[in-house]
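**Q** Based on these hints, arrange chains B and C on the given structure of chain A.
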Amino acid sequence: MRWIGDNLDVIGGHLVSHLLLAVPPIVASFLLALPVGWLAGRVRWLRAPLLSAAGLLYAIPSLPLFVVLPLVIGTGVRDATNIIVALTLYGLALMVPATADALRSVDPRVVDAADALGYGGVRRFLTVELPVAGPTLLAGLRVVAVSTISLVTVGAVLGVPSLGMLFTDGFQRNIMPSILAGIVLTIALALVVDALLVALGRLVLPWTRPAAAAVVAPTQAEVAP
Amino acid sequence: MSVFSRRTLTAVAAVAGLGVLAACGTSDPMGTSPATTDPGAATGDTTLVVGSQAYYSNEIIAEIYAQALEGAGYTVEREYQIGQREVYLPELEAGDLDVMPEYGGNLLQYYNSDAEVTDTASIVEALGQELPDGLRVLTPAEASDQDSYTVTRAFADEHNLTAIGDLAGINGLTIAANSEFATRPYGPDGVQQAYGVTIALTPVEDSGGPLTLRALLDGTTQVADLYTADPAIADNDLVVLDDPESLILPQNVLPLVSERVDAEAEAVLDDVNAQLSASDLQELNAQSVNEQRRSADIASEWLAAKGLA
Amino acid sequence: MNYLLDAFAWIADPAHQAGPNGIWARLGEHLGYSVVGVLLACLVAVPAGLWVGHTGRGRGLAVGLASAARALPTLGLVTLLGLLLGIGLVGPMIAFVALALPSILAGTYAGVEAADRVAVDGARAAGMTEWQVLTRVELPLGMPLLIGGIRSAFLQVVATATLAAYVGAGGLGRFLFLGLRTQDYPQMLAASLLVVGLALVADIAFGLLQRFATPAGLRTTR
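Residue numbers (the numbering used here), protein chains in the order written: chain A, 1 to 225; chain B, 226 to 534; chain C, 535 to 756.
Bound-form chain A, shown alone (with noise of 0.2 Å):
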């Protein structure tokens, strides 16, 4: 365990590259995924084919995503961009269904209640489905959030600096404290961000109390991957 001790400076920096390349993922797939989501949930022929697509999206292996991305986006392999992009690719495979699940819950009698008080389409969907749907969705969010986190890793390879590199260099060196340390600092980097999220989620939806929570039926979204 020496190895840790003399090397906290470089477990350090690879922490906050780590960070600074999941964060925008994880916005970005929840964003974008609102959208999509929402269309998947409104046109019914669109259903099928987008969460399909989306499920899809998982299941292309990450090592050559992150190798071809470069080649149709025109940016360089270790670029942040690249990497960033992959994972909102991945992301919004776990996002685009839980959002769709989490808008088609909407009790449709609350969303006829918008309606009669002359709420337009835009001033609805924020302020009316967004908040009622809130809790699944950021069941959804928590789990992109973890599983990105971990994605990060896979870039390592590459040469794209995050705790990954703990796994690549440890094992080269054979190191096992690094790699040790790589993975529990991973896993300890997804669970405060999941404690921070379940806080932000109390914060922004205050009426769902932890007690209330447990009662919300488990969605897709804590099921999917």
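FYI, nobody ran anything at the bench for these hints, they're computed from the structure. Be a bit skeptical, because a hint or two may be false.
Far from chain C by the CB rule (all over 10 Å, computed), these chain B residues [said to hold, decoys possible]:
id	residue
1	Thr387
2	Ala419
3	Pro435
Chain B side only, calculated, beta carbon under 10 Å to chain C, not exhaustive [to be verified]:
id	residue
4	Val362
5	Ala407
6	Val429
Cβ atoms here follow ideal geometry from the backbone N, Cα and C, with glycine treated the same way.
**A** Then chains B and C, alone, in the frame of chain A:
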């Protein structure tokens, strides 16, 4: 009448802000977008970007180059652990990297997989023609890190092995190596032709790393393709079989550099390479693997010992 | 997009299809690893999920464990197990099981919990034992969600099973790594397309299974 409270909106704004902040932050602190120094300003205090492969030994050599250049007054930016050639060579070609420790044979293979040269001098010559405009290689070091047919001491004694050709006639041989070994001139087809050795490939994708070593030590395979600067060879008393037909491509260490490396910087790198011997590289690697020391410490000690600091 | 066409051409080339190193053999290996990994995960996750869902005990623990397992980086696990176990299938198989566990666990307890409480209480009132409540009411009602969990797990393992080739085993990863290392991008892309194709077929099969497993009385509400 809004369901959203003001608190809610503040929180949403905070999240959005965090996203923007992170998006901005990604460009620099991660160091993934190398310095864009104006190539025109090459005189005076020049900044050179030194890169390394995702290979600890390559990082040590890169760090030696970096410190030597700093000693000569250059400002150096470090971009270490950049995957493999398919990742960093395009960056060199684009001018984002200036100095990269390379291995002659494999570099030539990347640009021309049909090249039929087997000695370092002709590899350097061939590279002169194959390399893209703006890139060149400098004088190679004696140190090399090349593929090998390596066996355990016990297996060598049992079959009286000193050279690859001695493997001929042994049945059921397998070698642990990366999958591309099958396509190399010194792969199974090559040794069949040159030495009459029949050997099957067990693909292990860690480039002669711990899995390849373990396959050999476990007896899963009888032969392993370890790189000759690997300290595991000495540590485990392994036998690297001789290659009298020079089938295996030499992989002498040489810097691949951009046009921004001027004559003075070239002289600095030449001085380093002139002193980097094969045994030195093994010793440097051993310090990294066995003593788990950092590349920066290993490099500065070596430079001091050679009077290059 | 030329690469993509080349990749399809690579797959269509009969020379790449037959034999022990051919597409069909590798596809079979790949499917085999995925099925075994998911089955092993089911052996652990389904009973655990049923218990958590039925008793309501340990839910917090199950959610936490599933979350931690989801955060477990596969690359870290594979390198760690590589150092510990050397080459062979055992290391990657442990990683596949770890990867499949959270989805199956969550799907199982979510399925059991989602069973209509009125139906469950009714079953108890009718004199069913707890075992009967679980196997005759909660499990059938929760089956679509349970299969949904296995479906997600399977897709994930199919995508990750390419790593088996890293440690000397077979599967579609063999094409992927050889293509990557020799800059043969059509071959690498072909491997990816085959993985996605395998996932597509599996996804459709699971979708049918899910519909088939939905109790008749519930189908109209879906």
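**Q** Are the hints correct? Go through all of them and say.
**A** Structure-based check of all given hints:
1. Thr387: holds (27 Å)
2. Ala419: Correct as stated: the minimum Cβ-Cβ distance to chain C is 21 Å, above 10 Å.
3. Pro435: violated (6 Å)
4. Val362: violated (20 Å)
5. Ala407: Cβ of Ala407(B) sits 8 Å from chain C, so the hint holds.
6. Val429: holds (5 Å)
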